[in-house]
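Novice: As a plain string of letters, each chain reads:
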Amino acid sequence: MSAIAGQKSRLTWAVQISVVVMVVLWLIPTVGLLVSSFRTTDQISQSGWWDAAFPVEKAFRDRIPADGETQANGAYVLEGNLLTDGQNAQDLKSGAKIVAFGTSGIKPDKYKPGETADLGDGATMTVNADGTFKASSPVSFEGSGPRVYFVADMPPAFTLSNYREVLYSDGMGQAFMNTLTVTIPATIIPILVAAFAAYALAWMEFPGRGLLIAAVVGLLVVPLQLALVPLLRLHQEVGIGQSFLGIWLAHTGFGLPLAIYLLRNYMVGLPRDIIESAKVDGATDFQIFMKIVLPLSFPALASFAIFQFLWVWNDLLVAKVFLPANDWSKVMTVKIADDLLGSRGGDWGILASAAFISIAVPLLVFFAMQKYLVRGLLAGSVKGG
Amino acid sequence: MSPILQGIITIVLGVGGCVTYFYASNLILDKVIFPPKGSDPGRNINRANAVRPWLFLFPAIFALGLYLAYPVVGSAWRSLFDRDGAQFIGLGNYEKLAADPTFRQAVFNNFLWVLVVPAAATFFGLMAAQLTDRIKWGNIAKSLIFMPMAISFVGASLIWKFVYANNPQIGLINAIRDYFQLQPIDPLQIPFWNNFFLMVILVWIQTGFAMVILSAALRGIPEETIEAAVLDGANPFQLFFKIKVPQIMPTIVVVWTTITILVLKVFDIVYATTGGNFGTQILPSYMMQYMFRDDGRATAVAFVIMIIVLPVMIWNIIQARKETR
Numbered sequence: 001m002s003a004i005a006g007q008k009s010r011l012t013w014a015v016q017i018s019v020v021v022m023v024v025l026w027l028i029p030t031v032g033l034l035v036s037s038f039r040t041t042d043q044i045s046q047s048g049w050w051d052a053a054f055p056v057e058k059a060f061r062d063r064i065p066a067d068g069e070t071q072a073n074g075a076y077v078l079e080g081n082l083l084t085d086g087q088n089a090q091d092l093k094s095g096a097k098i099v100a101f102g103t104s105g106i107k108p109d110k111y112k113p114g115e116t117a118d119l120g121d122g123a124t125m126t127v128n129a130d131g132t133f134k135a136s137s138p139v140s141f142e143g144s145g146p147r148v149y150f151v152a153d154m155p156p157a158f159t160l161s162n163y164r165e166v167l168y169s170d171g172m173g174q175a176f177m178n179t180l181t182v183t184i185p186a187t188i189i190p191i192l193v194a195a196f197a198a199y200a201l202a203w204m205e206f207p208g209r210g211l212l213i214a215a216v217v218g219l220l221v222v223p224l225q226l227a228l229v230p231l232l233r234l235h236q237e238v239g240i241g242q243s244f245l246g247i248w249l250a251h252t253g254f255g256l257p258l259a260i261y262l263l264r265n266y267m268v269g270l271p272r273d274i275i276e277s278a279k280v281d282g283a284t285d286f287q288i289f290m291k292i293v294l295p296l297s298f299p300a301l302a303s304f305a306i307f308q309f310l311w312v313w314n315d316l317l318v319a320k321v322f323l324p325a326n327d328w329s330k331v332m333t334v335k336i337a338d339d340l341l342g343s344r345g346g347d348w349g350i351l352a353s354a355a356f357i358s359i360a361v362p363l364l365v366f367f368a369m370q371k372y373l374v375r376g377l378l379a380g381s382v383k384g385g
Numbered sequence: 001m002s003p004i005l006q007g008i009i010t011i012v013l014g015v016g017g018c019v020t021y022f023y024a025s026n027l028i029l030d031k032v033i034f035p036p037k038g039s040d041p042g043r044n045i046n047r048a049n050a051v052r053p054w055l056f057l058f059p060a061i062f063a064l065g066l067y068l069a070y071p072v073v074g075s076a077w078r079s080l081f082d083r084d085g086a087q088f089i090g091l092g093n094y095e096k097l098a099a100d101p102t103f104r105q106a107v108f109n110n111f112l113w114v115l116v117v118p119a120a121a122t123f124f125g126l127m128a129a130q131l132t133d134r135i136k137w138g139n140i141a142k143s144l145i146f147m148p149m150a151i152s153f154v155g156a157s158l159i160w161k162f163v164y165a166n167n168p169q170i171g172l173i174n175a176i177r178d179y180f181q182l183q184p185i186d187p188l189q190i191p192f193w194n195n196f197f198l199m200v201i202l203v204w205i206q207t208g209f210a211m212v213i214l215s216a217a218l219r220g221i222p223e224e225t226i227e228a229a230v231l232d233g234a235n236p237f238q239l240f241f242k243i244k245v246p247q248i249m250p251t252i253v254v255v256w257t258t259i260t261i262l263v264l265k266v267f268d269i270v271y272a273t274t275g276g277n278f279g280t281q282i283l284p285s286y287m288m289q290y291m292f293r294d295d296g297r298a299t300a301v302a303f304v305i306m307i308i309v310l311p312v313m314i315w316n317i318i319q320a321r322k323e324t325r
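Going down the list, the protein sequences come from chains A and B.
Mapping of the first sequence onto UniProt numbering: residues 1 to 385, in sequence order.
Mapping of the second sequence onto UniProt numbering: residues 1 to 325, in sequence order.
Source of the hints: derived by calculation from the structure; they are not laboratory data.
Where hints are given, some of them may not hold.
The list that follows gives simulated cross-link-like pairs (lysine to aspartate or glutamate, DMTMM-like), each with its CA atoms no further than 25 Å apart [what the hints assert, rightly or not]:
#1 B:K265 x A:E205
#2 B:K322 x A:E205
#3 A:K279 x B:D40
No experiment lies behind these values; they were computed from the predicted model shown.
Okay, chain A solo, but in the shape it has when bound:
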């Protein structure tokens, strides 16, 4: 018995570990981009995001101003602080520490902090870790202080500057509003149209019903690519052209098969007694639909709404074709794929924050409404389930 028990717990451990590995593998890419979106371009090019929590070493160059020269014991002395008062003070945030310094660009890390560097002609210089320095020379510096190179440990720092930049100067803010403007009507409008049709297909007897259901199932898989050219032409001929109205109509049409299919599958499962007793009591189909079936179908309506919302929000193809290609109408996916990947191709901080602006809302919806999403998936895919 004990042998079996031992085997069991070993297997449990193996299961635990494999799940941990899988979850980590699935999360790492997203986490990497999320972390990078809060780092400056400098930090991203200096160290990997996995080192973001550790300090980064960075090299600087400065020239000590000679106008603060004082005279003491026959030597000319310059004193000050490289970190807080130097030319690089802007880049050196509080907490930076000097780890090495030097007098030439070839070996910027020749001396440790606190050591004394030889500047030639009897002049010397000392730089401390906190940035304070002291240079002294037997003759006057005469208006040109010594050049100094140093390497500083930059403490880990996170910033919202990428988000600010991408939202305001790269136009992601406008794109966000456009995505929202496209998504909400395109999610709401198909629901009612589909619900009436689903009710007819589920609870009304008429010739050709089976054929219509089959047609809906067939249309579920029609590639959208087919619709692009003929519909764009149609829109142009009736005067809609490339516009928000056009994309709402397109998404409504493309979303209908799934909506009808999901809702019909759900409505068929509603208890027959309720609907029949309502009919016996003299309720019309319209009343039964509005007062009984629609409220009872709420979970299926929610499932579809989430699907359609995610689908429209994340769509690139339909937006590229049915919206005008000017800057004012671009949705976020188009903005990222067509603008930012080209113009800011290497600027990972900007790209990452743009990606997260576009991902944030779907993720919120996803985690808040996961129950309905899963239910909808199951209704759509597990036959008979």
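Take the given structure of chain A and dock chain B to it, following the hints.
Specialist: Quick look at chain B alone, frame taken from chain A:
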């Protein structure tokens, strides 16, 4: 008019219009066209009930017909014309496609995608479903593996482009290579294999979908079959591969075909990562190259995709017919 205001008006008009249409058309049907009175009220009620389903269905059928059925015919027809649609050239566009090496490359790559992505996503999904069902924090693990489903293909492409970045300070792949003192590479530019690096992105997204559905199917297996197998001394692997998997085979097929259809339609990933360069072209992204430039060629590619999807479509319809019967 600002698009937001326009959006609000569209919602109000759309929803209000729908309700008004359904309410008014029912009212007219019952009170005006076939009122339940006169010489034969019973016959009028029956007539009204025969018409009513079509009132309910009309907006949906109209929209489906216009936005999905008509384009199939419209695209097929358009693909027989030249660039401007002015001249009928028969199968000229298809001949041009067949002669284009990029098109043949796209077909070959698409074939690889269809072969690899559904298989990999279903396999990982099945593993994740089985493993997470056995542990306490399984639901959290599930949600995290499922999460990429909410991310757009463009977002996912960016996330993975970052992983693949050709710089050991940025890209994880090259950081690992760097650790083993290997030269950095650009995974998206290695001929042939870059296709697989792109497929990883879609597998990453679709595994969660497969997992959720297969996990529900696994839970639906009757306990008795499992207990019987355990009593007969089946080990956990036998239990899984010989008892559980065969019982959920129909669901596995559904998941597999659903992902296959998706693979044939997704152009975003290739578009946002390589733009179809370095030998990664697939049919949907190949089509977008010609969209707006040569509509004849673009519709011909779309129709080729349709022909590839057709067998799955027919199979789905047959399955659905079986169930509704």
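Novice: Which of the listed hints are broken here?
Specialist: 1
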